[in-house]
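Chain B: place on chain A using the hints.
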Amino acid sequence: MNFKHKFVFLLPGLIVLIGIIIFPILFTIRLSFSGWNSFNPELDFIGIKNYIRLFTADPRFWQSFFRLSFLAITTVFIQYVIGFALAHMVWKDIKFKRFFRVLFLIPMMTTPVIMTVIWRTFFHESLGPLNDFLSLFGMQPAWLSSPGLAKIAIIVVEVWQWTSFMFLLLLAGLLSLPKEPFLAAAIDGASSFKKFIYVTFPLMAPISIGAIIIRLIEASKIMDTVFVLTSGGPGTSTETSSYYIFIKGLREFQMGYAATVSFTYLIIMIISLTIISKVLTKVLMKE
Amino acid sequence: MPKLYTFLKYFFVVSWACFVIAPFLWALSTSFKDFNSVTGGATYIPWLQFEPTLDGWRVLFKPGSQGGINIVGPYFNSIFVTVTASFISIVLGTLAAYALSRYTFKAGIVQNNDITFFFISQRIMPPVVLSIPFFIFLSTLGLLDNLAGLILVYIVLLMPIAVWIMVDFFNRVPREIDETALIDGCNPFQAFFKVVLPNSIPGMIVAGLFCIIFGWIDFFFAFILTFTKVQLLPVKIVALNSSITPWWSLSAAALVSVAPLIVVAFIVERYLSKGSLSGALK
Numbered sequence: 001m002n003f004k005h006k007f008v009f010l011l012p013g014l015i016v017l018i019g020i021i022i023f024p025i026l027f028t029i030r031l032s033f034s035g036w037n038s039f040n041p042e043l044d045f046i047g048i049k050n051y052i053r054l055f056t057a058d059p060r061f062w063q064s065f066f067r068l069s070f071l072a073i074t075t076v077f078i079q080y081v082i083g084f085a086l087a088h089m090v091w092k093d094i095k096f097k098r099f100f101r102v103l104f105l106i107p108m109m110t111t112p113v114i115m116t117v118i119w120r121t122f123f124h125e126s127l128g129p130l131n132d133f134l135s136l137f138g139m140q141p142a143w144l145s146s147p148g149l150a151k152i153a154i155i156v157v158e159v160w161q162w163t164s165f166m167f168l169l170l171l172a173g174l175l176s177l178p179k180e181p182f183l184a185a186a187i188d189g190a191s192s193f194k195k196f197i198y199v200t201f202p203l204m205a206p207i208s209i210g211a212i213i214i215r216l217i218e219a220s221k222i223m224d225t226v227f228v229l230t231s232g233g234p235g236t237s238t239e240t241s242s243y244y245i246f247i248k249g250l251r252e253f254q255m256g257y258a259a260t261v262s263f264t265y266l267i268i269m270i271i272s273l274t275i276i277s278k279v280l281t282k283v284l285m286k287e
Numbered sequence: 001m002p003k004l005y006t007f008l009k010y011f012f013v014v015s016w017a018c019f020v021i022a023p024f025l026w027a028l029s030t031s032f033k034d035f036n037s038v039t040g041g042a043t044y045i046p047w048l049q050f051e052p053t054l055d056g057w058r059v060l061f062k063p064g065s066q067g068g069i070n071i072v073g074p075y076f077n078s079i080f081v082t083v084t085a086s087f088i089s090i091v092l093g094t095l096a097a098y099a100l101s102r103y104t105f106k107a108g109i110v111q112n113n114d115i116t117f118f119f120i121s122q123r124i125m126p127p128v129v130l131s132i133p134f135f136i137f138l139s140t141l142g143l144l145d146n147l148a149g150l151i152l153v154y155i156v157l158l159m160p161i162a163v164w165i166m167v168d169f170f171n172r173v174p175r176e177i178d179e180t181a182l183i184d185g186c187n188p189f190q191a192f193f194k195v196v197l198p199n200s201i202p203g204m205i206v207a208g209l210f211c212i213i214f215g216w217i218d219f220f221f222a223f224i225l226t227f228t229k230v231q232l233l234p235v236k237i238v239a240l241n242s243s244i245t246p247w248w249s250l251s252a253a254a255l256v257s258v259a260p261l262i263v264v265a266f267i268v269e270r271y272l273s274k275g276s277l278s279g280a281l282k
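In order, the protein sequence lines correspond to chains A and B. Residues in the first sequence are numbered from 1 upward in steps of one, following the working numbering. Residues in the second sequence are numbered from 1 upward in steps of one, following the working numbering.
Treat each hint with caution, since some may be false.
Just some of the chain A residues that point at chain B, by a computed CB distance under 7 Å [what the hints assert, rightly or not]:
#1 Gly13
#2 Leu17
#3 Ile20
#4 Asp132
#5 Leu136
#6 Lys221
#7 Asp224
#8 Ser242
List of simulated lysine to aspartate or glutamate pairs, EDC-like, C-alpha gap at most 20 Å [as the list claims (entries may be wrong)]:
#9 Lys4(A) x Asp178(B)
#10 Lys3(B) x Asp93(A)
#11 Lys6(A) x Asp178(B)
#12 Lys151(A) x Glu125(A)
#13 Lys6(A) x Asp114(B)
#14 Lys4(A) x Glu179(B)
Derived by calculation from the structure, the hints in this document are not laboratory data. The beta-carbon is built from N, C-alpha and C at its ideal position, and this holds for glycine as well.
The shape of chain A in the complex, shown without the other chains (with noise of 0.2 Å):
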């Protein structure tokens, strides 16, 4: 009786998921080991010469891979502080409380790609308000056309986007904090930075561990504000590894490499996500 039940209630998102992804799956990587390209687009099997050619002769993709490292790590970290700062200070006793809580959660209902083509129109070198601005103390920066200037210009976009995602999922696991550790730090006379240091924070350990880690998810797929604000330029200075495979497979059509690189990049993903989180829980967690 109980056999039945639990399975129609699980089967029909589970065949419906599986049913839609697997032949991506297992196309993709059948197709990592085939030569399909634009001269020769046929499912052939050249074994494991894409692996090769990945591992020994890309250095612009192990590149792309560790400065996506860079900018998931840097944005995620600042996001968590900030978030963290806000959430924490809209929390308690503040004036006008629901509507900074209302404005700080706007900016992730946004769509991605149509909020950088704004910022792009803000970093414009000659008719953006950011250099109308710094003119006044004589500065007139190349925003996007420079490799250092233009990877803090995709890190400010990224905060600007998703700051306030950390800070829903913060401000929620503040709102839900038991009451009786913070009467108990009361009646001790614990002062407000002693109370956030041993009490607020350890409490929110487990639901930064999540917050962290669901952001560094979807950092890992930092796509469309390159698209948008650089297309990887100037030369290949802000190029990620999603933006990468995109040039590999939807501009250059090397699908079977394209694929080689995406599956690797996947193996890794899961990899590293899995260390993260345990180093993560382990560091946070130590009390």
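Same frame as chain A, but now just chain B:
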């Protein structure tokens, strides 16, 4: 000391508020400009610094044959795809989440947590990885450049979110509720639909909001899998960005496209402040 902290707190919150609003104000101001005001350098205040015009807004509602952009069609496509895919994801995701929260599954080393992880792990895959095989998959099915094909893809994008939120939610709904119903003579389906489901509406609304947000803001799948017959809003707007960029209509279109989801921000805040979101998101 507390005074200094209060000052810093307001300073920080107000600064961040300005940062959040800045691109919207810039877009609002730009949307009333014309060619000359845009190319003349950055200006902000209409009438004072430039002569406002409604051209940027008018062009959005003109058909393409009259030099317009016509975002009305893409707008409805976006709404239709997002809402349908969210609805299907919520229905299937809620059922699956209920099974994963209430029953134990075991097949070899695969247990409940692994099944839950399988659902959620779909979000690790970057859209670009799936876009090539999806392209071929949908073209074999004849669903390329088609709303139904896009909905199919969006289900993969959204069901993980629904499962993630609903499993946590059901874990917080006391088991006694179902057990009482079962003792009263309901079968498991009746217990679910008559007793558990009505108590799960808040969780489903939260999950629904999240599905709608993440469906609405997707760009890449729509960009790869549709061409001319079916266009979604983000693709239409980004296409404006290509050659000669008309900043004014671009800004107007951007504002129109983000408007409906700002309503969602208000709803999410209501749930947050009432405390019903805390359970659903932890």
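Verification of the hints:
Because the closest C-beta pair between Gly13(A) and chain B is about 3 Å apart, less than 7 Å, the hint holds. Taking 7 Å as the C-beta cut-off, the interface hint given for Leu17(A) holds, the closest approach to chain B being about 6 Å. Because the closest C-beta pair between Ile20(A) and chain B is about 5 Å apart, less than 7 Å, the hint holds. For Asp132(A), the interface hint holds, the least distance from its beta-carbon to any beta-carbon of chain B being 4 Å, beneath 7 Å.
About 12 Å separates the beta-carbon of Leu136(A) from the nearest beta-carbon of chain B, more than 7 Å, and the hint is not met. Checking Lys221(A) against chain B by beta carbon gives a least distance of about 4 Å; that is within 7 Å, so the hint holds. At a threshold of 7 Å, the smallest CB-CB gap from Asp224(A) to chain B is about 5 Å, leaving the interface hint in force. About 4 Å separates the beta-carbon of Ser242(A) from the nearest beta-carbon of chain B, less than 7 Å, and the hint is met.
A hinted pair counts as satisfied when its Cα atoms are at most 20 Å apart, and Lys4(A) with Asp178(B) qualifies at roughly 17 Å. At most 20 Å may separate the alpha-carbon atoms for a hinted pair to count; Lys3(B) and Asp93(A) meet this at roughly 14 Å. Restraint check for Lys6(A) and Asp178(B): satisfied, since their Cα atoms lie roughly 14 Å apart, inside the 20 Å limit. Between Lys151(A) and Glu125(A) the CA atoms are separated by roughly 15 Å; this keeps the pair inside 20 Å, and the hint holds.
The straight-line distance between the Cα atoms of Lys6(A) and Asp114(B) is roughly 16 Å, inside the 20 Å bound, and the hint therefore holds. For the proposed pair Lys4(A) and Glu179(B), the alpha carbon gap of about 17 Å is at most 20 Å, so the pair holds.
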